[in-house]
Structure formats: C-alpha cells, structure tokens
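Below are the chains, spelled out letter by letter.
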Amino acid sequence: MQASHPHRIQLQPGYVLHRRPYRETSLLVDVFSREYGKVGLLAKGVRGGKTARVDSLPPFRPLLLSWTGKGELPLLTGVESAAPSPPLQGVALYCGFYLNELLQAFLHRHDPQPLLFERYAGLLADLPVTGDKDRLLRAFELTLLQELGYGLQLHCDAEHHRDIQPGQSYHYVPDRGPIAARADAGSIRGITLIALREGRLDDAATRREAKWLLRRVIHHHLAGRPLKSRELFRQKSHESS
Amino acid sequence: MQANGSVGRLMQALRCLPGVGPKSAQRMAYYLLLRNRDGARVLAESLLAAVDRVGYCERCRSLSETALCAVCASPSRDQSQLCVVEMPTDVYAIDQAGCYRGVFFVLNGRLSPLDGIGPVELGLDRLEQRLAGGEIKEVVLATNTTVEGEATAHYLGEMAQRHHIRTTRIAYGVPMGGELEFVDGATLSLAFNGRREF
Ligand SMILES: [Zn+2]
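First to last, the protein sequences are chains A and B. Under our numbering, read the first sequence as residues 391 to 631, first letter to last. Under our numbering, read the second sequence as residues 34 to 231, first letter to last.
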C-alpha cells in the first residue's frame, strides 16, 4: 500500500506555520513536518459555514498530518492532535509568532530539517514555562542559521584564524565572521561571542549584544525582508526577539 | 449558451459574492431577468445607495451612514465601557445578543505578523488616542479565540494597562445546548479553569 502510493503521507508529525484563506471554505497551509520539512498543503472545507467551527489547524499545536499528492499543492487528507496546544500567552505567544515567521522566511519547501524540527518542538513546549526566553530564542536562532548553512563563526576571527579573545572587540561580518577591531558602537565583545557559543547569556550587556548580533545576521540573510512579529514586542521593555 | 453582453456582465458581476460560482451566477441572473425584474431594480438601487453612502463610523470604525454610528451616538449606551472586536459582524452579533450596553471599537482585522499585519497596519494608534482621552473606564477584549485573536487581546491589554484602564476578556467555555462529548479539549480545559461557584 505504502509502496504503491509513494505520495500518500500518513500521520506525519508537524506544525502549522501559517495559513491563509483559499477560495470560499479552504485554506492554504504551510506546515513544518518532521520528515519532509516545510510543505504547502491545501485544506479543503475547513473554514466558514453557518456554525462556529473549532479550528483543527491551529499554529503551535503538535499535529499528525496526512496528505496525498505531490507537485505544487498536495491535499491535506487528515489532521489529528498529537498533544494539546502549549499554553502560549502574552510574550510567549509573541515569541511563537516570531519563530513561525523565522521558519517561514528561512525554510525551503521539501527540505527536511529534523534537528530544527526537534528544537522547535522543544522550544514551543518550553516557552510557556521558561523564565529565560532570551537564551532559548538565541539558541534557536543559532541552530536555525547553522542548519540552513549560515552558521556563525564563534571560535576564531576571520582574518588571522586566532581564537576569540574574551577581552578583544570584534566587528562581525556576515558570511565571513568576526574581525578584531577597536571597540565602537558597531563592535561586539569576544566574551559575548564565547558566551553565545557556550549557550550562557548571564548578564544584560551580553544578552543585548547577542540579540543585536543575531538580529543583524538574520537581517542580512533575509535581504531586507522585515520580521513583522518584532513589532509586537516593542510595546514593552522586555524585548525578546 | 454563450452569455455575453449585459447578461454575461451580470453573471460575472454576481460572482463577486462569496460562494457564488459560474453555475449559481447563471441561475441568479436568469431568475432576476426572467422572474423578478422589480426585485432586480430594487437590488441594484440598494447596492448603489449603500456603496455610495455607507462608510465607517469615525469613533468605532463600524459600518455607518453617518459620521457617528447609531451605537456611538446613542445617549443610552455606556460610553465608558469599550468592547474591542475584530469585525463589524461581531458588533452585530453582540448587539443582537442584547447583553452589552457599552460601545465598540472595530479593528477590522487582527494582529497577524505572518500576513504583514502589525499594530500600525491595524490602526491601533486610533484606539490608543481613544484610551488616552480618559473617558473609557473598562476595555472588554472580545477578539476571537484564535492564536491571532489572543495575541491581539494581549497587545491591547498591555495598551489599556498603560493607560490604567480596567481590562477584561470575554469568558470562554462550553456552548449552550452543547454536549460535553463533542467539545474540544482546549475549550474544555478553559471551561474547567474558569468554573464558578454554583
Ligand atoms: Zn460607532
């Protein structure tokens, strides 16, 4: 059965990244699936109607998705909840949108990203309970860039290939790496590069620099495409993205 | 048959309605022309009049023929209680239910960053001005319970709190006349968390 229908996918773990209305009652859904990466699916007859419908394709909920057909627009044939939605509220919910927007911008269709999938699933589960969203988001951004071939150079400088020195300042050049430089408004401390690589962002200055660095690198790779979800954080001082 | 000229144009025009495909457009066009020309004339005139006259209320952004809609202009509505909804149809639904005597603010959308809709695109500065005016004593958040609706509610809640205005969110739960067996898990858990003394 499975062999004779190679384009019939059954109960694939995945998440909805984004959906938009299609015709009267259908949705075009971008999902991030564990084994097939980002896939665009057509979900027929899932919206509208006279009675209020319960949303069966909410973002952030672990789902089991079945679809059939290849080509541009496979048809969603089934959806089940694998677990309840994580209780994302407030800033954690903003973070969820930010993650989805990042993935939507960076993932290529039909390019499996199993490690990223695992980290994404873990992060959605952690976001409602963590007291340190910054550290988790930075770690995810690093993994995302790494897995998509834009990994940061955090071990040695790009010019002389010397180990990063905690007391030295650097200019980070996207696609190249850190270059030792005099400390100025655009520089980042070696200690921050080391903290980032070791996954510990203990003080406010390190957090601020790490966020600023990743924001610049992400911006560079998005070639000017803005990330809208960042605007949600602006209202409060506790910016995370 | 090939419909062209005025009939064809009518069929094509009818297809701008939601749920109307070529077949139903044809049925409607023929019905209007063969059976109900008076109805067709009234329909055409009403459409023109509505499109020409109906705009948005300058206070709540609901559909209105006058600068202020009937709700905003009514002396019997509580002008200190402001209910924020996503669509003008939500105003209609809440008003039909007859349970709310305050006024409204219609977002005409929701925050949806992945669709490029942020606070600016939603025109939230208009709401901010209204909150800053000092007349509002309570903001009732009645956006949808989708993730976008929840994010919007949270954002508006932060905004209202900056102006020290009491903020409430409509309750969720089991629908009236509903059977528990068919209620989804998320709704059930909210209904349990929000249970009250009986
Ligand atoms: Zn009004």
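Please keep in mind that the hints were generated in silico from the structure rather than gathered at the bench. Even for Gly, the Cβ is constructed at its ideal location relative to N, Cα and C. Keep in mind that a hint or two might mislead.
Said to hold, decoys possible - Facing chain B, according to a computed beta carbon distance under 10 Å, are these residues of chain A, among others:
1) H408
2) P474
3) P477
4) L505
Q) Which of the listed hints are not met by the structure? A) Hint check: 4 fails alone, others pass.
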